[in-house]
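Residue numbers (my numbering), protein chains in the order written: chain D, 387 to 808; chain E, 387 to 808.
Simulated from the structure, these hints should not be mistaken for lab results.
Treat the hints with care, since some could be wrong.
Simulated crosslink set (PhoX-like; lysine-lysine; CA at most 20 angstroms straight-line) [as the list claims (entries may be wrong)]: (1) K448/D / K607/E; (2) K455/D / K455/E; (3) K801/E / K781/E; (4) K395/D / K455/E; (5) K781/E / K757/E; (6) K455/E / K510/D; (7) K455/D / K395/E; (8) K594/E / K607/E; (9) K455/D / K448/E; (10) K448/D / K395/D; (11) K462/E / K395/D; (12) K736/D / K793/D; (13) K607/E / K591/E; (14) K752/E / K793/E; (15) K591/D / K569/D; (16) K569/D / K607/D; (17) K569/E / K395/E; (18) K591/E / K569/E; (19) K448/E / K462/D; (20) K448/D / K569/E; (21) K510/D / K395/D; (22) K607/E / K462/D; (23) K510/E / K455/D; (24) K569/E / K640/E; (25) K510/E / K448/E; (26) K757/E / K793/E; (27) K510/D / K607/D; (28) K757/D / K736/D; (29) K757/D / K781/D.
2 protein chains.
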Amino acid sequence: MKFIATPVKGMNDFLPQEMRLRQHVLRLIRDTYAKYGFDEIETPAMEHIENLSGKIGGENEKLIFKVMKRGRDLEKGLASGEIADSGLRYDLTVPLARYYANNRNELPTPLKALQIGNVWRADKPQKGRFRQFTQCDIDIIGDGSIMAEIELIAATSGMLTRIFSEVGIREFTVHINDRRILKAMAAAAGFEPEQYDEVFILLDKMDKIGLDGVREAMLAKDYAEEAVDRYIGMFRDLSGEPDVREYCSGTCGKALDGNVAENMNTILQSVREMISPDVHLVFDPTLVRGMSYYTGTIFEISIDGYNFSIAGGGRYDDMIGRFMGQSAPACGFSIGFERIITILRDLGWKEEDHAAGKTALLVDEKASAGKLMEVFALATRLRGDGEVVTVQPLKKNARFQVETLEKNGYTQIRKVFEDTQL
Amino acid sequence: MKFIATPVKGMNDFLPQEMRLRQHVLRLIRDTYAKYGFDEIETPAMEHIENLSGKIGGENEKLIFKVMKRGRDLEKGLASGEIADSGLRYDLTVPLARYYANNRNELPTPLKALQIGNVWRADKPQKGRFRQFTQCDIDIIGDGSIMAEIELIAATSGMLTRIFSEVGIREFTVHINDRRILKAMAAAAGFEPEQYDEVFILLDKMDKIGLDGVREAMLAKDYAEEAVDRYIGMFRDLSGEPDVREYCSGTCGKALDGNVAENMNTILQSVREMISPDVHLVFDPTLVRGMSYYTGTIFEISIDGYNFSIAGGGRYDDMIGRFMGQSAPACGFSIGFERIITILRDLGWKEEDHAAGKTALLVDEKASAGKLMEVFALATRLRGDGEVVTVQPLKKNARFQVETLEKNGYTQIRKVFEDTQL
Numbered sequence: 387m388k389f390i391a392t393p394v395k396g397m398n399d400f401l402p403q404e405m406r407l408r409q410h411v412l413r414l415i416r417d418t419y420a421k422y423g424f425d426e427i428e429t430p431a432m433e434h435i436e437n438l439s440g441k442i443g444g445e446n447e448k449l450i451f452k453v454m455k456r457g458r459d460l461e462k463g464l465a466s467g468e469i470a471d472s473g474l475r476y477d478l479t480v481p482l483a484r485y486y487a488n489n490r491n492e493l494p495t496p497l498k499a500l501q502i503g504n505v506w507r508a509d510k511p512q513k514g515r516f517r518q519f520t521q522c523d524i525d526i527i528g529d530g531s532i533m534a535e536i537e538l539i540a541a542t543s544g545m546l547t548r549i550f551s552e553v554g555i556r557e558f559t560v561h562i563n564d565r566r567i568l569k570a571m572a573a574a575a576g577f578e579p580e581q582y583d584e585v586f587i588l589l590d591k592m593d594k595i596g597l598d599g600v601r602e603a604m605l606a607k608d609y610a611e612e613a614v615d616r617y618i619g620m621f622r623d624l625s626g627e628p629d630v631r632e633y634c635s636g637t638c639g640k641a642l643d644g645n646v647a648e649n650m651n652t653i654l655q656s657v658r659e660m661i662s663p664d665v666h667l668v669f670d671p672t673l674v675r676g677m678s679y680y681t682g683t684i685f686e687i688s689i690d691g692y693n694f695s696i697a698g699g700g701r702y703d704d705m706i707g708r709f710m711g712q713s714a715p716a717c718g719f720s721i722g723f724e725r726i727i728t729i730l731r732d733l734g735w736k737e738e739d740h741a742a743g744k745t746a747l748l749v750d751e752k753a754s755a756g757k758l759m760e761v762f763a764l765a766t767r768l769r770g771d772g773e774v775v776t777v778q779p780l781k782k783n784a785r786f787q788v789e790t791l792e793k794n795g796y797t798q799i800r801k802v803f804e805d806t807q808l
Numbered sequence: 387m388k389f390i391a392t393p394v395k396g397m398n399d400f401l402p403q404e405m406r407l408r409q410h411v412l413r414l415i416r417d418t419y420a421k422y423g424f425d426e427i428e429t430p431a432m433e434h435i436e437n438l439s440g441k442i443g444g445e446n447e448k449l450i451f452k453v454m455k456r457g458r459d460l461e462k463g464l465a466s467g468e469i470a471d472s473g474l475r476y477d478l479t480v481p482l483a484r485y486y487a488n489n490r491n492e493l494p495t496p497l498k499a500l501q502i503g504n505v506w507r508a509d510k511p512q513k514g515r516f517r518q519f520t521q522c523d524i525d526i527i528g529d530g531s532i533m534a535e536i537e538l539i540a541a542t543s544g545m546l547t548r549i550f551s552e553v554g555i556r557e558f559t560v561h562i563n564d565r566r567i568l569k570a571m572a573a574a575a576g577f578e579p580e581q582y583d584e585v586f587i588l589l590d591k592m593d594k595i596g597l598d599g600v601r602e603a604m605l606a607k608d609y610a611e612e613a614v615d616r617y618i619g620m621f622r623d624l625s626g627e628p629d630v631r632e633y634c635s636g637t638c639g640k641a642l643d644g645n646v647a648e649n650m651n652t653i654l655q656s657v658r659e660m661i662s663p664d665v666h667l668v669f670d671p672t673l674v675r676g677m678s679y680y681t682g683t684i685f686e687i688s689i690d691g692y693n694f695s696i697a698g699g700g701r702y703d704d705m706i707g708r709f710m711g712q713s714a715p716a717c718g719f720s721i722g723f724e725r726i727i728t729i730l731r732d733l734g735w736k737e738e739d740h741a742a743g744k745t746a747l748l749v750d751e752k753a754s755a756g757k758l759m760e761v762f763a764l765a766t767r768l769r770g771d772g773e774v775v776t777v778q779p780l781k782k783n784a785r786f787q788v789e790t791l792e793k794n795g796y797t798q799i800r801k802v803f804e805d806t807q808l
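Okay, chain D solo, but in the shape it has when bound (with noise of 0.2 angstroms):
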């Protein structure tokens, strides 16, 4: 029988030390989330391949697994050139949007959802990039009122707070803007519509290149020096942690709705009462959030040391009505789960200053039904209080079994043979 022990391309086995990380982080998620109301759902990891194939996913759609047709379906599709009928899910946004609309006569309204799933992505496999990886995403629809705002980034910065904490680590930075005070920047010191995503694109790279840098790489793109200068000016003194209605009458002007800047000094008032004082929890007017479709408030975590963010999200307030042919408000999170294990991991995460003590019984092979008997007794009061117990025989390799115990969390470790007194 041909058979091949390794997994998949690009995708993982996890040991049972990985996997009582995840599982540990994962249950710190669910219990900070459900305490906000938020509640999960979950959809099948396959989808129809013309919804993964609507232009929403971007770069992505490149990336598909496809499922093939079965059956008579499959020889038809050999004919025609359409063999697959679908394909692995690449992101928990677009089945989000079907969820939302296959079922909305049944949800809460707004819908406050918790997904936490596997997504696939053909992509070239390399360190820290997989082809299967768990994304973990907490949308409110429905509510287009900063109350979503509010509770996504309180909930998300509790949730951080509570995990960090765990490896020592209090202090992170929750930068938040607003995709309509960028577009009233750009207006206000002269850019044209048709410029706006091409001058994000070069203020996205400042903390690569600096400030001067962004303002070379923009005269380099032929723009018109005043409004070039101006804008750069806008972003010399941030160093103050400027007031966001200030800053923005300053800046802005008339280009922007007045209350934008009111409802983003409300947002970041009743924020900073509801987290942990030590979140520094900035209006970042240089925060850009790639995707195009965000329509309001954009926010991202980032964590000193660490030259990528943990979680970024934002507004979306035309997304879902573009799926569903009706509209809906929407605000999302995107926690990188993935990202968060592995700073925990990098700072020495220990599984046994946050779990029950562990206990291993070996047991002698020639030990007899009765001395059997008493070591399950045993197992079953230590269990009865609260204990980790395994009861297993003593390899002849004990040297190897009690090692691999002992890197599984196993501090109590008792060989018994027929004349032990247990």
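Guided by the hints, dock chain E onto chain D, whose structure is given.
Same frame as chain D, but now just chain E:
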């Protein structure tokens, strides 16, 4: 944009209330097995097509969802007719064997594995049968002693007692037999080894057609009447729950190695001490378990009023070795997760009985920023006390909003206007 709102055929979108039940049960399962020292493991949803077609999957191999090759591999495949290089797993057994072969140098020995995951079968969809569903398997690999059977049965009984007590059910039945006893009884009755499989298939029908029905079906097969009557006689009086050693020596005589009955007796005695006295633990010589790969002890759990088993398993010492080219004893239990969910829903499991209090604060959209901050301060306080709290805008269709909240377990629902005292 063409967009299909329904899920892929035969697959499910889970609503929030269904998810809460599923997640609650998953948590009880994980917590119980963890206490018995089982380690959760995870493998990818996809497996190499060669492994899935390796004859171990039986009928399920016809139901594979095949995943297409990509890029140049696909072009080559279209020419040669091999267009799939992987498929979605149809069970958790093939992945377990591959996982063990791939990782055994880093795994504890014995490995006590818990797997919870979705599997996919392109079956004809019908009531209660889906094309994506959750399986839950526990297996002990590398333990040839009866400690494996004792741990598996005790842990699973403990788990079911905990889960079913939530709907007032404390009684269920654990049936235990051994493929070697089955064979020895057939031998002692006078059947030929090549007749055993067919004889067991007929015996397995006893709960449907009764013992006399089985006798008639056997006689119709042209077996020697003497063998049939001797065999049927062995099952005539089982009501008194026979002592397994006496029963085996009476029915099998020398056709059975004495250790088998002795070990079965120790399993029964040990497990009985470890589980709830309300659980019926019976040696059941009529238990067959269909799969041909079982080599020793077999077991099954049933519950009054339901004509399906809720868990089943046994010892399969040769199968992992066939995959690995190196022998490894193994014993496993498959938990009917979807069946457990069905029973709980059937018996009226209520979220409210097992959850924290849930409060909804519905805020009038005209409320001021100051009022909003008051609301969030109250929400933060209640969440700190352990309550589930959602803050959301009061909808125009408030009746529907309140109804869906009630359906989702909210017992405190408050409408907040500018002049509401909090």
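Right, here's what the structure says about each hint:
Between K448/D and K607/E the alpha-carbon distance is near 59 angstroms, which puts this suggested pair outside the 20 angstroms criterion. Taking the CA atoms of K455/D and K455/E, the gap is about 14 angstroms. The hint holds against a cut of 20 angstroms. As the CA atoms of K801/E and K781/E are separated by approximately 10 angstroms, the hinted pair is consistent with the 20 angstroms bound. Taking the CA atoms of K395/D and K455/E, the gap is about 12 angstroms. The hint holds against a cut of 20 angstroms.
Restraint check for K781/E and K757/E: satisfied, since their Cα atoms lie roughly 17 angstroms apart, inside the 20 angstroms limit. With a C-alpha separation of about 14 angstroms, the suggested pairing of K455/E with K510/D holds against the 20 angstroms cut-off. Between K455/D and K395/E the CA atoms are separated by roughly 12 angstroms; this keeps the pair inside 20 angstroms, and the hint holds. For a cut-off of 20 angstroms, the pair hint linking K594/E to K607/E stands: about 18 angstroms separates their Cα positions.
A threshold of 20 angstroms between alpha carbons decides the hint, and for K455/D with K448/E the separation of about 13 angstroms falls inside it, so the pair holds. In summary, the hint linking K448/D to K395/D is supported, as the alpha carbons are separated by about 17 angstroms, within the 20 angstroms threshold. With a CA separation close to 18 angstroms, the supplied pair K462/E and K395/D stays within the 20 angstroms bound. Between the alpha carbons of K736/D and K793/D the distance comes to roughly 11 angstroms, so the proposed pair stays at or under 20 angstroms and holds.
Distance hint between K607/E and K591/E is fulfilled; the C-alpha atoms sit about 15 angstroms from each other, no more than 20 angstroms. Distance check on the hinted pair: K752/E and K793/E sit about 27 angstroms apart at the alpha-carbon level, beyond 20 angstroms; violated. About 17 angstroms separates the Cα atoms of K591/D and K569/D, which keeps this hinted pair within 20 angstroms; it holds. Distance restraint check for K569/D and K607/D: the Cα-Cα separation of roughly 18 angstroms lies within the 20 angstroms cut-off, and the hinted pair is therefore satisfied.
The hinted pair formed by K569/E and K395/E fails the criterion: a straight-line CA distance of about 43 angstroms is larger than 20 angstroms. For the hint linking K591/E to K569/E, the alpha-carbon distance of about 17 angstroms falls within 20 angstroms, and the restraint holds. For the proposed pair K448/E and K462/D, the alpha carbon gap of about 19 angstroms is at most 20 angstroms, so the pair holds. With a C-alpha separation of about 56 angstroms, the suggested pair K448/D and K569/E falls outside the 20 angstroms cut-off, and the hint is violated.
The suggested pairing of K510/D with K395/D holds, with an alpha-carbon distance near 10 angstroms, which does not exceed 20 angstroms. A distance of roughly 44 angstroms separates the Cα atoms of K607/E and K462/D; the hinted pair therefore is violated under the 20 angstroms criterion. About 14 angstroms separates the Cα atoms of K510/E and K455/D, which keeps this hinted pair within 20 angstroms; it holds. Among the hinted pairs, K569/E with K640/E is consistent with the structure: their alpha-carbon atoms are about 12 angstroms apart, no more than 20 angstroms.
Proposed proximity of K510/E and K448/E is supported: the alpha carbons are some 12 angstroms apart, at most 20 angstroms. For the given pair, K757/E sits about 28 angstroms from K793/E by alpha-carbon distance, which is inconsistent with the 20 angstroms threshold. With a C-alpha separation of about 32 angstroms, the suggested pair K510/D and K607/D falls outside the 20 angstroms cut-off, and the hint is violated. For the hint pairing K757/D with K736/D, the CA-to-CA distance comes to about 35 angstroms; that exceeds 20 angstroms, so the pair is violated.
Distance check on the hinted pair: K757/D and K781/D sit about 17 angstroms apart at the alpha-carbon level, within 20 angstroms; holds.
Hint check: violations occur at hints 1, 14, 17, 20, 22, 26, 27, 28; the rest are consistent with the structure.
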